[in-house]
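Top to bottom, those sequences are chains A and B. Numbering (this note's numbering) for the first sequence: 1 to 111. Numbering (this note's numbering) for the second sequence: 1001 to 1114.
Do not rely on the hints blindly, as some may be mistaken.
Interface residues of chain A toward chain B, partial, derived using beta-carbon atoms under 8 Å [stated by the list, open to error]: (1) Pro44; (2) Phe49; (3) Gln98; (4) Phe99; (5) Gly102; (6) Thr103.
Derived DEER-like restraints, expressed as beta-carbon distance ranges [as the list claims (entries may be wrong)]: (7) B:Leu1112 with A:Tyr39: 20 to 30 Å; (8) B:Ile1012 with A:Arg28: 41 to 51 Å; (9) B:Ile1077 with A:Tyr39: 22 to 32 Å; (10) A:Tyr39 with B:Tyr1010: 15 to 25 Å; (11) B:Pro1083 with A:Ile93: 28 to 38 Å; (12) A:Asn66 with B:Lys1069: 38 to 48 Å; (13) B:Val1052 with A:Gly9: 36 to 46 Å.
None of these hints come from the bench; they were simulated from the model. Just so it is clear, CB atoms sit at the ideal spot from N, CA and C, and this is done for glycine as well.
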Amino acid sequence: QKEVEQNSGPLSVPEGAIASLNCTYSDRGSQSFFWYRQYSGKSPELIMFIYSNGDKEDGRFTAQLNKASQYVSLLIRDSQPSDSATYLCAVNIVDGNQFYFGTGTSLTVIP
Amino acid sequence: EAQVTQNPRYLITVTGKKLTVTCSQNMNHEYMSWYRQDPGLGLRQIYYSMNVEVTDKGDVPEGYKVSRKEKRNFPLILESPSPNQTSLYFCASSSLAGVGETQYFGPGTRLLVL
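Excised from the complex, chain B in its bound form (with noise of 0.2 Å):
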């Protein structure tokens, strides 16, 4: 089955202490995403990867960090989380990044930083 897969689903840490939330897909998509989710803010895009060993910033990268050191996964690093950055992650994936192309979705995390 394709699929965009996150972990965990659910994480609750406290300021500064280092985390991770990993991605994967299984579709051989060129194009990885993540992107946050605020009430009132709608979706933001922190980074995005046109393919192996190329990231960009998106919107609001400020806090994190990325890697894509194979095709399949993407994970999301936050060095020192603040409680600024408790919301809903989402991972997305598409084979481009171009016109008509849909990106796959993850089923997101919820992260709340304490």
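So that you can see chain A by itself, here it is in the shape it has in the complex (with noise of 0.2 Å):
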């Protein structure tokens, strides 16, 4: 079993829309969680991170952590084109030094 899934996509929505990330973990004891936004060709680079249970807002993108069912979810409010990249979601583990992340979300704001 992965350490973290999500669903690769492609996932499609009109400029204005919200766009929903969602991932999942199988470690119970992933002590943080990131959102790391990924351009075709370039390196990946950190939207937010989150380590409590709830919403956390930065912006137009609100991260939600639900610790009981492994879960973590990134929204995109008013999604523009330059929106449009992979969404990778990863996890730190309980010693805190390792971080593992998913196979990413392609995500395409159509203007």
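Since each chain sits alone in its own frame, please combine them into the complex, following the hints.
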């Protein structure tokens, strides 16, 4: 069983809509959770991290964590064409030293 | 400018010919890590280092070696590359590995082993 699972997509949303990206993880000892954005041919860049149950908002982005369900999501409000990228979910496991990434969800925002 | 650099950015080599990919960061970060990225498999951690002279295996360490003799450098060594090591490699660093600490990624090294 993979540590981190994401729907690979592709996910397409119209400009201005809300994009919802989901991620599940298997290790109940996972401590912190990250969302990275990766443009084609580029390196990942951090969008947000979350480590407490509930919601965390940063501009147009909201991360949601539910540890009981082992589920983390990212909502992108007012989606823009520039948001078109692959979004990677990552978790930091119990000892804090190792990271596991999902395979990523490809998002396309249609103008 | 704070950054993680990798060299070379592109490399074509043949099976069995030893190679080293360098990684350097200028942010005085303790934690450094190597990942490989393959289609359908995502980013997988190869090795990581908590500080100078401290290295540990990640999820896929077979066929790789690393060293951390200086805080800023963390080279990835392939003693005898094989075609299944053809991949996109990323080095990353952060001040710590714990909660909330973001990893800064290098630009990537695309390796082709023939």
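How the hints compare with the structure:
1. Pro44: It holds, given that the least Cβ distance between Pro44 of chain A and chain B is near 5 Å, below 8 Å.
2. Phe49: holds (5 Å)
3. Gln98: holds (6 Å)
4. Phe99: Hint on Phe99 of chain A: holds, closest Cβ of chain B at ~6 Å, below 8 Å.
5. Gly102: Holds, about 6 Å.
6. Thr103: Cβ of Thr103 of chain A sits 4 Å from chain B, so the hint holds.
7. B:Leu1112 with A:Tyr39: 20 to 30 Å: holds (22 Å)
8. B:Ile1012 with A:Arg28: 41 to 51 Å: holds (43 Å)
9. B:Ile1077 with A:Tyr39: 22 to 32 Å: holds (29 Å)
10. A:Tyr39 with B:Tyr1010: 15 to 25 Å: Distance hint for Tyr39 of chain A, Tyr1010 of chain B holds at roughly 18 Å.
11. B:Pro1083 with A:Ile93: 28 to 38 Å: holds (30 Å)
12. A:Asn66 with B:Lys1069: 38 to 48 Å: holds (43 Å)
13. B:Val1052 with A:Gly9: 36 to 46 Å: holds (41 Å)
In summary, this structure violates none of the numbered hints.
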